[in-house]
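Visitor: Chain residues, written in single-letter form:
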Amino acid sequence: ETGVTQTPRHLVMGMTNKKSLKCEQHLGHNAMYWYKQSAKKPLELMFVYNFKEQTENNSVPSRFSPECPNSSHLFLHLHTLQPEDSALYLCASSQGTDPYNEQFFGPGTRLTVL
Amino acid sequence: GNSVTQMEGPVTLSEEAFLTINCTYTATGYPSLFWYVQYPGEGLQLLLKATKADDKGSNKGFEATYRKETTSFHLEKGSVQVSDSAVYFCALSDNAGNMLTFGGGTRLMVKP
Chain G
30 ETGVTQTPRH
40 LVMGMTNKKS
50 LKCEQHLGHN
60 AMYWYKQSAK
70 KPLELMFVYN
80 FKEQTENNSV
90 PSRFSPECPN
100 SSHLFLHLHT
110 LQPEDSALYL
120 CASSQGTDPY
130 NEQFFGPGTR
140 LTVL
Chain A
24 GNSVTQMEGP
34 VTLSEEAFLT
44 INCTYTATGY
54 PSLFWYVQYP
64 GEGLQLLLKA
74 TKADDKGSNK
84 GFEATYRKET
94 TSFHLEKGSV
104 QVSDSAVYFC
114 ALSDNAGNML
124 TFGGGTRLMV
134 KP
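Chains as they are written, first to last, in this note's numbering: chain G, 30 to 143; chain A, 24 to 135.
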């Protein structure tokens, strides 16, 4: 595997379900990000981790819970979501959180909440 | 706060046509500017960037010039191909260490 991988690629869940999204980067980076991409809205940064420490939480509801066990893996735990949470969730990584450093994105998980 | 405004799509062109996708921004100080591209079913990829006024970023035949006086970073390509069909995102990062701010994206469709 190379680059940034995300699983699953597609997920359908009910509002009472609990699920997790997984991201793995094979680039040796130390910063990882979760973004939300909704139709007709700008890409929204959700969380940033640098060396496994959360450095940014962009006012995300608590029904989204990130976890970063090491610099290569990032999870997004989901529970009691709402239909408006349906979106493409993108993971990215970079070498440090300097904004000038290129972020490498995974293909995303397409989430549908029923 | 920072913001990025892009022209709404979709933009539909015939192959070999000239492309312009407009991007303007609002930011404190002197931001760095980026264009990212998202091909169908894939994540975003950095296409080009410029870090100071009058810089020109270029890659794969695409160009964009950092215009501080008009706060713009328009993307251009002289002759588009069907393979350029994708969604293009303009983004900025300011010099206060803040994360990337993205525009809403512009879908480009190139017909043979």
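FYI, nobody ran anything at the bench for these hints, they're computed from the structure. In this text, all values refer to a predicted model and were calculated from it rather than measured experimentally. Keep in mind that the hints are not guaranteed to be accurate.
Stated by the list, open to error - What follows is a set of in silico ranges between Cβ atoms, one per label pair, in the way DEER data are often shown:
| id | chain 1 | residue 1 | chain 2 | residue 2 | range |
| --- | --- | --- | --- | --- | --- |
| 1 | A | T93 | G | A68 | 41 to 49 Å |
| 2 | G | G32 | A | A76 | 30 to 38 Å |
| 3 | A | S102 | G | P37 | 33 to 41 Å |
| 4 | A | A76 | G | G43 | 17 to 25 Å |
| 5 | A | E38 | G | P112 | 34 to 42 Å |
| 6 | G | T141 | A | R90 | 21 to 29 Å |
| 7 | A | Q68 | G | A68 | 32 to 40 Å |
| 8 | G | F80 | A | E65 | 38 to 46 Å |
| 9 | G | T84 | A | P63 | 44 to 52 Å |
| 10 | A | V105 | G | Q124 | 30 to 38 Å |
| 11 | G | T45 | A | Y53 | 43 to 51 Å |
| 12 | G | T141 | A | Y53 | 19 to 27 Å |
| 13 | A | Q68 | G | D127 | 37 to 45 Å |
| 14 | G | G125 | A | A40 | 37 to 45 Å |
Claimed, not checked - No more than 27 Å apart at the CA atoms, straight line, and that leaves these computed lysine-lysine pairs for BS3-like:
| id | chain 1 | residue 1 | chain 2 | residue 2 |
| --- | --- | --- | --- | --- |
| 15 | A | K134 | G | K47 |
| 16 | A | K134 | G | K81 |
| 17 | A | K134 | G | K70 |
| 18 | G | K70 | G | K48 |
Where is the CB? At the ideal position from N, CA and C, for every residue including glycine.
Visitor: Now tell me, hint by hint, if it's right for this structure.
Guide: Evaluated hints:
1. A:T93 / G:A68: 41 to 49 Å: Roughly 30 Å apart at Cβ, these two residues miss the hinted range, so it is violated.
2. G:G32 / A:A76: 30 to 38 Å: Since G32 of chain G and A76 of chain A have Cβ atoms about 33 Å apart, the given range 30 to 38 Å holds.
3. A:S102 / G:P37: 33 to 41 Å: 39 Å, holds
4. A:A76 / G:G43: 17 to 25 Å: 51 Å, violated
5. A:E38 / G:P112: 34 to 42 Å: Distance hint for E38 of chain A, P112 of chain G holds at roughly 40 Å.
6. G:T141 / A:R90: 21 to 29 Å: Because 41 Å falls outside the window, the suggested range is violated.
7. A:Q68 / G:A68: 32 to 40 Å: 21 Å, violated
8. G:F80 / A:E65: 38 to 46 Å: With Cβ atoms ~27 Å apart, the hint is violated.
9. G:T84 / A:P63: 44 to 52 Å: 32 Å, violated
10. A:V105 / G:Q124: 30 to 38 Å: Since V105 of chain A and Q124 of chain G have Cβ atoms about 34 Å apart, the given range 30 to 38 Å holds.
11. G:T45 / A:Y53: 43 to 51 Å: Once the Cβ atoms are compared, 49 Å apart, the range 43 to 51 Å for Y53 of chain A and T45 of chain G holds.
12. G:T141 / A:Y53: 19 to 27 Å: 41 Å, violated
13. A:Q68 / G:D127: 37 to 45 Å: 19 Å, violated
14. G:G125 / A:A40: 37 to 45 Å: 39 Å, holds
15. A:K134 / G:K47: Violated, because 43 Å separates the two Cα atoms, which is more than 27 Å.
16. A:K134 / G:K81: 45 Å, violated
17. A:K134 / G:K70: 26 Å, holds
18. G:K70 / G:K48: 24 Å, holds
Going through the hint list in order, the structure does not satisfy hints 1, 4, 6, 7, 8, 9, 12, 13, 15, 16.
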